[in-house]
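As you go down the protein sequences, you meet chains A and B in turn. Start counting the first sequence at 1; every next residue gets the next number (our numbering). Start counting the second sequence at 1; every next residue gets the next number (our numbering).
Since the hints were made in silico from the structure, they are not lab data. Just so we're clear, the structure is a prediction, and the values are computed from it rather than from any experiment. The beta-carbon is built from N, C-alpha and C at its ideal position, and this holds for glycine as well. None of the hints are false.
Pair by pair, the computed Cβ-Cβ distance ranges are:
1. VAL44/B to GLY215/A: 50 to 60 Å
2. ASP225/A to GLY107/B: 18 to 28 Å
3. ASP225/A to VAL6/B: 44 to 54 Å
4. ALA256/A to ARG110/B: 20 to 30 Å
5. VAL69/A to ARG110/B: 34 to 44 Å
6. GLU83/A to PHE9/B: 48 to 58 Å
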Amino acid sequence: MRNENLPKIPTEKKRTITLIIGLIIVMFLLEQFGLINIITSPLQKVLEPAQIALYKTKQDLAGFVGTLVEIKDLRERESQLAEENNLLLAENAGLKKLESENEVLREQLGAKKVSEKLTVAQVIGQDPLISTSELLIDKGASDEISKGDLVIIKDVLIGEVTSVGSSSSVVRLLADSATKVPAQTQSGVKGILRGKFGNRIILDKVVQGQKLRKGEIVFSSGEADFPKGLVLGKISKVEKTPAALFQKAEVAPLLAPGSLDTVFIVGDEE
Amino acid sequence: MKIFAVFSFLLILLALVQTAFLPIPLGLIALVTWFLLRGTKYLVLFTIFFSLALAIVAVIPAWVVFAASCLSLYLFIGSKSFLPSRNLVHIILAVTSLVAWEVSIVGLTRLFNL
Chain A
1 MRNENLPKIP TEKKRTITLI IGLIIVMFLL EQFGLINIIT SPLQKVLEPA QIALYKTKQD
61 LAGFVGTLVE IKDLRERESQ LAEENNLLLA ENAGLKKLES ENEVLREQLG AKKVSEKLTV
121 AQVIGQDPLI STSELLIDKG ASDEISKGDL VIIKDVLIGE VTSVGSSSSV VRLLADSATK
181 VPAQTQSGVK GILRGKFGNR IILDKVVQGQ KLRKGEIVFS SGEADFPKGL VLGKISKVEK
241 TPAALFQKAE VAPLLAPGSL DTVFIVGDEE
Chain B
1 MKIFAVFSFL LILLALVQTA FLPIPLGLIA LVTWFLLRGT KYLVLFTIFF SLALAIVAVI
61 PAWVVFAASC LSLYLFIGSK SFLPSRNLVH IILAVTSLVA WEVSIVGLTR LFNL
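Turn these sequences into a full structure, and let the hints steer you where they fit.
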């Protein structure tokens with residue numbers, strides 16, 4: 001039985017709603033069957049230079065404004081960096097020695113060297129949303145990039161490829177709330193590194209009683225498909241709540257995502 | 001016809017600006033402004049243009065952007081029809097629509113594991 005008191009939706013409104021739902025379904029089906037790529041792929045290539053130009057302009061502007069603001073602290077920071085650089089050079093020399101020792105041991109043990117293919121990619125844009133933390137790069141399916149590939153600079157993990165277009169891809173950064181990487185600190189303290197609100201990185205699930213120190217480097221622990229030893233960041237603040245089951249630490253990335261120009265995508269060599 | 005071409009170009013430019021400078025759906029603000037000035041004429045077509053432009057430059061499925069944009073615009077237009085027609089009300093509604101857009105995009109992306 002019909003209720004005569006219910007307000008009637010005008011026919012034009014009904015038609016518009018039907019049209020919109022129909023369009024969403026058509027777009028969804030085109031996406032599912034890959035037919036939308038016929039339109040988007042060439043346009044992606046056309047728009048890419050403009051995207052790169054705009055992103056570079058933003059970086060230059062941000063750099064210029066940043067320099068103006070920080071001009072006072074730059075001299076002080078320069079001497080600090082020089083000191084830090086000398087320490088790193090000394091550390092690097094030690095690591096090179098260890099690397100050659102490692103190579104000899106590998107040969108003796110007959111261990112297979114992990115073969116990786118590195119693809120150089122340029123950062124062409126940032127995340128279009130506020131709540132997530134992602135980067136856009138200029139390599140896609142046509143360059144054999146696939147979902148799940150890791151993005152690095154030297155040994156520093158930048159993120160993971162989450163979406164692949166024909167000539168560009170989306171990289172989810174460590175600060176994204178969907179990121180979860182099993183990690184361990186220099187001193188061997190284990191935890192889970194995860195992003196928070198798209199702008200913070202937290203080392204969580206660290207058992208109480210284990211010592212977290214400010215300034216310690218955090219590495220991937222080699223679990224959950226992440227290779228061991230990738231640098232994730234540096235502990236900037238330790239949050240201790242004695243009543244809590246686990247302790248947490250805030251981790252600062254070694255490379256600011258906003259300043260990235262060129263990154264490397266790690267793929268498996270066939 | 002000239003204004004149609006200019007506005008379409010503007011929507012593409014705003015999608016580019018969104019991925020380079022500001023992570024705010026500037027194209028949606030432009031669509032809301034178009035609605036306030038010109039009504040619903042070409043609105044669906046412009047929403048498709050904006051969705052495709054953003055989908056291309058940000059590698060997001062076009063249907064997700066289109067669905068989120070339609071939902072946000074519907075929220076704006078629907079609320080405007082029974083709320084007083086004041087500038088402050090329009091600004092509050094526009095901000096609400098932007099939040100709804102962001103939430104819809106993240107929600108749909110997570111829901112469909114895209």
